[in-house]
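Put together the whole structure using the sequences plus the hints.
For reference, the chains in residue letters:
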Amino acid sequence: MDFSTLFLIIIGSIFINNFVIHRFLGLCPYIGVSKNMDSAFGMGMAVIFVMTMASTITWLIYTFFLNKATSIFGLDLTFLRTIAFILSIAVLVQFVEMVIKKAAPELYKALGIYLPLITTNCAVLGVSILNINSFFKIDGTPVSASFIKSIIQGASAGVGFTLVLVLMAGIRERLEYSKVPKSMKGMPISFIIAGCMALAFLGFSGMKF
Amino acid sequence: MKDFIRPALVLLVICLISGAILAFIYQQTAPLIAENKLKAEEAARILVMPDAEFFKPVSDSSEVLYYEGYNADSTLVGYIFSCVQYGYSSDVKTIVGLTPELMINAITVVSQAETPGLGANCTREDFTAQFTGKNPDNIYVDKDGGDIQSLTGATITTRAVTNAIRETFQKLRDRL
Amino acid sequence: MKAIQEFTKGIIKENPVFVMALGLCPTLAVSTSVQNAIGMGAAATFVLLCSNIFISLIKNFIPSKVRIPCFILVIASFVTIVDMAMEAYVPPLHKSLGIFIPLIVVNCIILGRAEAFASKNGVFRSMLDGLGMGLGFMLAIIIIASIREILGVGTILDIRILPASYKPMIVAILPPGAFITIGLLMGLLNIFQNKKKSKA
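Protein chains in written order, with the working numbering: chain A, 1 to 209; chain B, 1 to 176; chain C, 1 to 200.
Keep in mind that the hints were calculated from the coordinates and are not lab data.
These numbers were taken from a predicted model, which means no experiment stands behind them.
Idealized CB from N, CA, C, for every residue including glycine.
Treat the hints loosely; a few may be bogus.
Computed cross-link-like contacts, DSS-like style, restricted to lysine-lysine with a CA-CA straight-line distance of at most 25 Å [unchecked claim]:
id : chain 1 : residue 1 : chain 2 : residue 2
1  : C       : K195      : B       : K2
2  : C       : K65       : B       : K2
3  : C       : K196      : A       : K182
4  : B       : K2        : A       : K68
5  : A       : K109      : C       : K65
6  : B       : K171      : A       : K137
7  : A       : K68       : C       : K197
8  : C       : K2        : B       : K39
9  : C       : K13       : A       : K185
10 : B       : K39       : A       : K137
11 : A       : K182      : C       : K199
12 : C       : K197      : A       : K182
13 : C       : K13       : A       : K182
14 : A       : K137      : B       : K37
15 : B       : K37       : C       : K9
16 : A       : K185      : C       : K199
17 : B       : K93       : C       : K95
18 : C       : K65       : A       : K101
19 : A       : K179      : C       : K195
20 : C       : K2        : C       : K13
21 : A       : K182      : A       : K35
Chain C is nowhere near these chain A residues, computed Cβ spacing over 12 Å in every case [stated by the list, open to error]:
id : residue
22 : S71
23 : G74
24 : V124
Now the structure itself:
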């Protein structure tokens, strides 16, 4: 097992190609949920879990049912990828919702409508598709340890999302006490802050190991 | 139970109908897509070796190593190989055309997702033109002591293109 | 609401990007060039139109419990159709839009309109609603893309707008530029809204 490759995937997904600030995936909750740190952190944890599970499930579905080279049917069903992935993510989020409702009702109440909205979080479907693009060769054969790499990329992407979400929440909490011009209050200033964060994270690009 | 059957049935019907429609459209578009890919590869080969009329692939057991270009009267006009290396933020894939004397005839960057305005300029003519006439065995970026001028603010991308060409050439040299 | 208003509301008053803050991911990601903006806008409008019409047609057959999965299925099917068609007929555009074509399926605008409008209204109005929202979306991306492309490269649709001696502000086509541009545009919109409110 090549640990340096795994390390690269982790650092890459969290800092260099951060899913929110660099790849533009997961923006709606980023702007919507980051108002205070507790709900941001709770949302982040839920998203990490969903992204990891989604990476696992979608990889399995793709490898054994859709991809011609490895599927048990031997048929090329890659065109069903979008449908199969988004449906499995919807089912997964439904399941997670049920579990959180039973196990942590306060978190359930705090997240409110944003929990089922994880289904439409671009980052979840995005990382599932990205795993296929990164860890399968053009002819359909998976690269070595493609399953582990996909799971790690999914988890790291979630961690990157949570990192940026919590940072944003922290800044916005402080922003409550600053003099923001009236027309910039709310979303405009959040985007400007996101821009500054993106600028900062740009410094991670081009990092090589 | 009945409460559950109707929704499940509706979902199943929609699944089947959409699956069938998509399979049909897939069958219509898949040949076009494959043809586009081949056309793009062929166009890249013609770009780096305009004198060639047809190309013959030379492969080992699993993959194509390089192409030989021949003109209308079947004389060898040159060789074409592809090389790839990770640049700043993506794999940079280059197609290289060599003269029969194994000097670079022309190159073209076919695939990259580098920084727009900086590394992405590696696809431009005024960057790739400088490779023509150089010895692929000995090209280095100016910052590494060679004579390939790096793109403004994009040494890493330049290095990816240059080193990919040099390293792949050195690997293939014995076979050519 | 008059029929024509179903169409125009999506363009300005209830613009999905600037007013409702939906569909932000593709808007910012794809606005690096006006060409990409038009391509994405067209693809999303097509999916939105088709899914609105289709869902409006079958709305009486869908049990309420499974309506969201049904909507997702319908939308995903149209997205896959668009994906395959683009790969076959416009491969360079397909390559530049990349992962954001399949991501049209999670574009909040489309699912949102299906849930809020198409499942409760007739086919003709749903069609107008879809067309209006889609055009509003495309307009929003084009505006942002124009600003970013002019500042970052100096061209629009490969037509040189600023003189060649202009040193491009590359940050405009990088991620920070996207965020700052939309932030400033939204702030501008708020200034106009507040002026309108204080006049009324």
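List of violated hint numbers, smallest to largest: 1, 4, 7, 8, 15, 24
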